[in-house]
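Number of protein chains: 2
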Amino acid sequence: MLVVHKYGGTSVGDVERIENVTNRVAKAREEGNDVVVVVSAMSGETNKLIGFAEHFTKEPAKKEMDMLLSSGERVTAALLSISLQARGYDAVALTGRQAGIVTDDTHTYARIESIDPSAVKNAIGEGKIVIVAGFQGINKSGSVTTLGRGGSDLSAVALAAAIGADQCEIYSDVDGIYTTDPRIEPNARKLDTISYDEMLELSSLGAKVLQNRSVELAKKLNVKLYAKSSFSDDVGTLIAEESSMEAVLVSGIVLDKNQARVTLRGVADRPGIAADIFSKLAESNINVDMIIQNMGTDGSTNLGFTVPQSEHENAKKVMESFDHEFEGMDFDEHVCKVSVVGVGMKSHSGVAAAAFTAMAKNNINIQMISTSEIKVSMVIDEKYGELAIRTLHDVYELDK
Amino acid sequence: MLVVHKYGGTSVGDVERIENVTNRVAKAREEGNDVVVVVSAMSGETNKLIGFAEHFTKEPAKKEMDMLLSSGERVTAALLSISLQARGYDAVALTGRQAGIVTDDTHTYARIESIDPSAVKNAIGEGKIVIVAGFQGINKSGSVTTLGRGGSDLSAVALAAAIGADQCEIYSDVDGIYTTDPRIEPNARKLDTISYDEMLELSSLGAKVLQNRSVELAKKLNVKLYAKSSFSDDVGTLIAEESSMEAVLVSGIVLDKNQARVTLRGVADRPGIAADIFSKLAESNINVDMIIQNMGTDGSTNLGFTVPQSEHENAKKVMESFDHEFEGMDFDEHVCKVSVVGVGMKSHSGVAAAAFTAMAKNNINIQMISTSEIKVSMVIDEKYGELAIRTLHDVYELDK
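Protein chains in written order, with the numbering used here: chain A, 1 to 400; chain B, 401 to 800.
What the hints contain is simulated information worked out from the structure, not anything from laboratory work. A few of these clues could be false.
[Unchecked claim] In silico DSS-like cross-links for lysine-lysine, where the CA-CA straight-line distance does not exceed 30 Å:
| hint | chain 1 | residue 1 | chain 2 | residue 2 |
| --- | --- | --- | --- | --- |
| 1 | B | 427 | B | 624 |
| 2 | A | 48 | B | 624 |
| 3 | B | 448 | A | 62 |
| 4 | A | 48 | B | 458 |
| 5 | B | 427 | A | 58 |
| 6 | B | 521 | A | 140 |
With the rest of the complex left out, here is chain A:
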């Protein structure tokens, strides 16, 4: 088999942990596989470098930041290659550029445009274990670019597709995808498998195991993904297309505590008012999450949305510039978002109703509701967050 492993910052956090990764890669090799390894910077390194830059300015140039931050992954790649060689394995370390990764010009958040896999393929052909510095590439004019936080996952998935790998294993400090956060619900169960779409909802909803863009890319390029732990021998969770067997109703429950709610009452129902408001928020770099609009009975509407708690004050300021357009504002920082995710919802009704019933039984007031084909999200008072998670986990029998 041709496999791609990706190890995150905590998995390569010091020389002992790099030795641990060496063992894993060596084992995969001994089992007869061709192995390509994508690595992140040692944990703490990236933040240290950002701290240095911010000593000089809070807004360093993005091009310079890319040269600065791309150094960390090069260090890890070289060290892992040295460690494998010390054990007698033939290994080679490549930078993003040497691995053929070409991106667009969007420094610090570049998109991969193409990969020339020849250098990696040639090295595999020579029997080498190939170590690639994640998170980075170069643009067409030869400048170093980086792919944004979690970008090494993206490097791994894109490389796996480009070289035709059989699977891509993403290693972190958790051993897979759980039905919900085990720190909240001790009965949370690790999933053997989950679909790309469910995983996408889970990662954008706040489950931190896999970077969202990498799951999107894996879906698009049909890369078989595994989420595994570098500290255990657990098989992990497979993320792939839905199997032909009947899909489970609900796969997971997610709690996102980083939410603040904004509600505008009696918004003048003129065309373009929503566009004006959300354009202004976007200009101010405020990430709006859920958006709810209800038609009122008197020609005005109520408009609600959520933003990250850290952007709550900024959102307030932006809204004040619109205050002649609505009757009243209501802000609440003390909310959270609870979401139920499952591809089974597509073909089964009643999933949302069961959630609402369970909330009602526990006297939890639902402030906002938003649904997609495979997700039901509810904004509730943050003090009920954990209770809601445990209740829903129970309702959908996720421990079974």
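Given the coordinates of chain A, assemble chain B onto it according to the supplied hints.
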């Protein structure tokens, strides 16, 4: 003027020191110059990375070491560029590759083969201050290479020549070249100017201010070099061709304590014996410094040489494999080398004689003597090293 500045590891050792360098570069800019800055890794970084690699093996692959070690200079280049931009200067950071530096394939000790100065020149043309990561380049197949310890000096000199800079200023924590080590002789005097050849003798003899290869390259490419301190406003020392004025007799006195002496008595006078011995030492990576051979009276010869103290034991082992070729061996780790350097010696006799006389007056026994056109070196008991330096400094009136 178009000037190249080069700042070493102690000059950019932390963010405060990078701010200090920012001030210096900004000042040169405000004075109307175009400025290209070559930087080393922050002091301690390179050793930290070497320590990581040596955790895995004492002999890491050189190609991997180059990827590992080249990261440090990239960090400094990006940070200095960010710092200059924060002050409102238009700056750009370039890696060795982006600055067009192409080397041969000798990883960890590569030679610069060519420089394509177009990227640097274009950036200067756009009014930018250009920051270049020192110590590194790429080879023709695109792998990262490094130029060996002190290689950033070499990057600076080579770039200065390639872009036709008016001068190249090498900044460190000392403010120029002294007649001898001021810690030994308080009357040591900073030289305003020194010739390339004298500087070459001084740096290869153990004066640590400028890397030897960079002085050679500066001579070859006729680059006007300044040795300056990044912590003072002293004009420093100019290293250039000898002026047309009469050269000074002696420029400096150097003490090298890292010497061990090996003497072979009664060496069989067969053709090729010296070649055999020194080839074997070279194969064992032992750096031989001085070599002295005297014809004996009975058809055999005495052969003496010096090696660094750390290689003394290895040299002993190599010599034991030749023990049938000579009558006896004599090793002494407790020696040092004292050298008198000056271009004036070329045309003046008596310089060496004055040195020998001064040694004799102080009862210092000279064990070995070696001379070149502009240098007299003497191996003596190490306990007399400092005395010899002060005596010779006085004899040649270097404090005047």
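Tested hints:
| no. | hint | verdict |
| --- | --- | --- |
| 1 | B:427 <-> B:624 | holds, 20 Å |
| 2 | A:48 <-> B:624 | violated, 38 Å |
| 3 | B:448 <-> A:62 | holds, 27 Å |
| 4 | A:48 <-> B:458 | holds, 28 Å |
| 5 | B:427 <-> A:58 | holds, 23 Å |
| 6 | B:521 <-> A:140 | holds, 20 Å |
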